[in-house]
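Peer 1: Residue numbers (my numbering), protein chains in the order written: chain E, 1 to 329; chain C, 1001 to 1256.
Hints are computed from structural coordinates only; laboratory data are not their basis. No experiment lies behind these values; they were computed from the predicted model shown. Glycine included, every Cβ here is placed at the ideal spot set by N, Cα and C. Watch out, some of these pointers could steer you wrong.
Said to hold, decoys possible - Here are the computed lysine-lysine pairs in the DSSO-like style, where the Cα-Cα straight-line distance is at most 30 Å:
| id | chain 1 | residue 1 | chain 2 | residue 2 |
| --- | --- | --- | --- | --- |
| 1 | C | LYS1207 | C | LYS1032 |
| 2 | E | LYS196 | C | LYS1150 |
| 3 | C | LYS1050 | C | LYS1208 |
| 4 | C | LYS1155 | E | LYS196 |
| 5 | C | LYS1248 | E | LYS320 |
| 6 | C | LYS1050 | C | LYS1002 |
| 7 | C | LYS1114 | C | LYS1020 |
| 8 | C | LYS1002 | E | LYS289 |
| 9 | C | LYS1155 | E | LYS324 |
What the hints assert, rightly or not - Per the computed footprint, the stretches of chain C lying under chain E, defined by three or more beta-carbons under 8 Å from a beta-carbon of chain E, are:
| id | region |
| --- | --- |
| 10 | 1015-1027 |
| 11 | 1073-1083 |
| 12 | 1108-1121 |
| 13 | 1136-1142 |
| 14 | 1168-1177 |
| 15 | 1216-1222 |
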Amino acid sequence: VSTLILGEHEGGQLKQSSLCAVTAARAISDDNSITMLLAGSGPSLQQAASHAASIHPSMSQVFVADSDKLSHPLAEPWAELVHLVQQKGGYSHIIAASSSFGKNILPRAAALLDVSPITDVIEISGPQLFVRPIYAGNALSTVRYTGVDPCLLTIRSTSFPLPHISSDSKSEAAPVSQVDLSTFSEDILDKSRFLKLTSQDTERPDLGSARVVVTGGRGLRSAENFKLMEKLAEKLSAAVGATRAAVDAGFVPNELQVGQTGKIVAPELYMAFGVSGAIQHLAGMRDSKTLVYTLKEGVADYGLVADLMLVVYCFCSLNKLSQKLALKI
Amino acid sequence: MKIMVAVKRVIDYAVKIRVKSDKTGVEMNNVKMSMNPFCEIALEEALRIKEAGFATEVIAVSMGPAQCVDTLRTGLAMGADRAIHVDTSTSSSATNLTPLSVAKLLKKLVDLEKPGLLILGKQAIDDDCNQTGQMVAGLLKWPQGTFASKVILDKEKQVATVEREVDGGLETLYLDLPAVITTDLRLNQPRYATLPNIMKAKSKVIKKVTLEELGVEIKPDLEIVQVTEPPKRKAGVIVSSVDELIDKLKNEAHVI
């Protein structure tokens, strides 16, 4: 068993979701030989590579593909790269996190390798046996991969905890080597060009990995009211999330959406305000440890999943809650 | 330029699904079926591009059993010009059509019809795979713009500017045509089929082709072992005040 992980990095650091992929690789087999593949260009790539090399003792190798063609994580060069590295390395498994990076690249790479990928895996029951949610998490499907190597997976990082990082990791850093790109097929690479990435600067923790998430829905009624969520989040050191309806109504940008088609979160504490509890939203947060939901009257679908429900009008509870928390912290 | 749109027949998004007691799947009998919502958005985008004068024809395609014709008929009523149904009912190996198989079939149809743009939904709300668009783009060696929330075409340069919803915000790409685009929810608001258009759609052509005619071999490499219900959470508690809530969060759940 040998696994290639498609690593994602930012600012010279390996992303947490790629670390969760290491946990997933170890769940496939204890004696899994793990290789991390990183691509990009310049010093931040080299930094990320040394970070990846020393992050966990089970990492056997780090491959670095350094090229201008790979300076942005586009699917076209990445899929070719995975194909190239697989041909040389003959891995039994290839894993990426179910981030927009992994979801974009891995199926394309699978097509080039002529195999069926298995996306959004939440449990690994054996080297070829995986559990994944279907119908927005309302059913779980256990699938067996019966095809040839490699078996390609994307994993939900919320289902695979961060691996324990050893303290004396420096002494056991994995070797870092460059991928030979001399045979890199470049004919299709110019057909897709990166223009820009616009993102909201925020001081809040990352939604995907935050310990506490406070979420607002359409019930908050305006972007102005949504600012209350920011305030509460600040008090709790929480990330802010939103329902599709709140994003559609223009209260907050799209990257805050939690749900079947947005981000999947599983924090210690999830608090929802002005949220109706549509199954598409539940799909994104049902694995949260403690779930608090405020409801106006009657019980919505949340009644099925919430641990604590506060029956009040949502602005009122939001105001009170943030004031009380402010007093107690 | 032609635009091809793939549409999938799925259980209607408003239906609460039931897992079969023998764990072989989800109850499909007597359940309302509809076009996958992301596919509706894909078709709507194709129709808008045609109405803006960038395309001459919109072709809707679907794969699966005979009932897929209903979904295609809906697409024709929305405004697609014609449709192709890849009938899989003749092939026993195709009962479980994987995204890879669908991508191979789509590639065949693209080779035959030569569209300048192939638009798909980013995922189907039944298996939530989110794979087919990326896979067919790889097979065709076309550029891909997945999870699109905005598409602008430049007819002269033959370039599509695609704004994509990614984890960190919005990413903008330039794609040379022909290209594959998969749609996110905020790309557009699909239209309803009007009664006159539903009547008109009855006379539009749905061409039927089989797997054998397309020469695509389905090799199953995934086996569904079982489908189960997710574990249930314990029933929740209703608290009557903010104080009680804070107390429980502090002293029972230990989360703040």
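Peer 1: Could you grab the alpha-carbon distance between E/LYS196 and C/LYS1150 and see if it respects the 30 Å cut-off?
Peer 2: 14 Å, holds
Peer 1: Are there three or more residues in the region 1015-1027 of chain C whose C-beta lies within less than 8 Å of some C-beta in chain E?
Peer 2: holds (count 4)
Peer 1: Count the residues of the region 1168-1177 of chain C whose Cβ falls closer than 8 Å to any Cβ of chain E, and tell me whether that reaches three.
Peer 2: Contact hint for the region 1168-1177 of chain C vs chain E: holds, 9 residues under 8 Å.
Peer 1: Does E/LYS289 sit within 30 Å of C/LYS1002, going by the straight-line distance between their CA atoms?
Peer 2: Answer violated: C/LYS1002 to E/LYS289 is near 50 Å, above 30 Å.
Peer 1: With the threshold set at 30 Å, check whether the alpha-carbon distance from C/LYS1114 to C/LYS1020 stays at or below it.
Peer 2: It is violated: about 42 Å lies between the C-alpha atoms, which goes past 30 Å.
Peer 1: Just to be careful, I want the Cα atoms of C/LYS1050 and C/LYS1208 compared with a cutoff of 30 Å; is the pair within it?
Peer 2: At roughly 24 Å apart (the allowed maximum being 30 Å), C/LYS1208 and C/LYS1050 satisfy the hint.
Peer 1: Please verify whether C/LYS1050 and C/LYS1002 have alpha carbons no more than 30 Å apart.
Peer 2: Holds, because 9 Å separates the two Cα atoms, which is no more than 30 Å.
Peer 1: Hinted pair, alpha-carbon criterion (30 Å max): C/LYS1248, E/LYS320. Please report holds or violated.
Peer 2: 16 Å, holds
Peer 1: When I compare C-beta atoms, does the region 1136-1142 of chain C have three or more residues closer than 8 Å to chain E?
Peer 2: Satisfied; 6 residues make the cut.
Peer 1: Please work out if C/LYS1155 and E/LYS324 have their alpha carbons no farther apart than 30 Å.
Peer 2: Roughly 58 Å between the alpha carbons, so the hint for C/LYS1155 and E/LYS324 is violated.
Peer 1: Are three or more residues of the region 1216-1222 of chain C within 8 Å, CB to CB, of chain E?
Peer 2: With 4 residues close enough to chain E, the hint holds.
Peer 1: Holds or violated: C/LYS1155 with E/LYS196, Cα cutoff 30 Å?
Peer 2: Between C/LYS1155 and E/LYS196 the Cα gap is close to 22 Å, so the pair holds against 30 Å.
When held up to the earlier numbered hints, the structure conflicts with 7, 8, 9, 11, 12 and fits the remainder.
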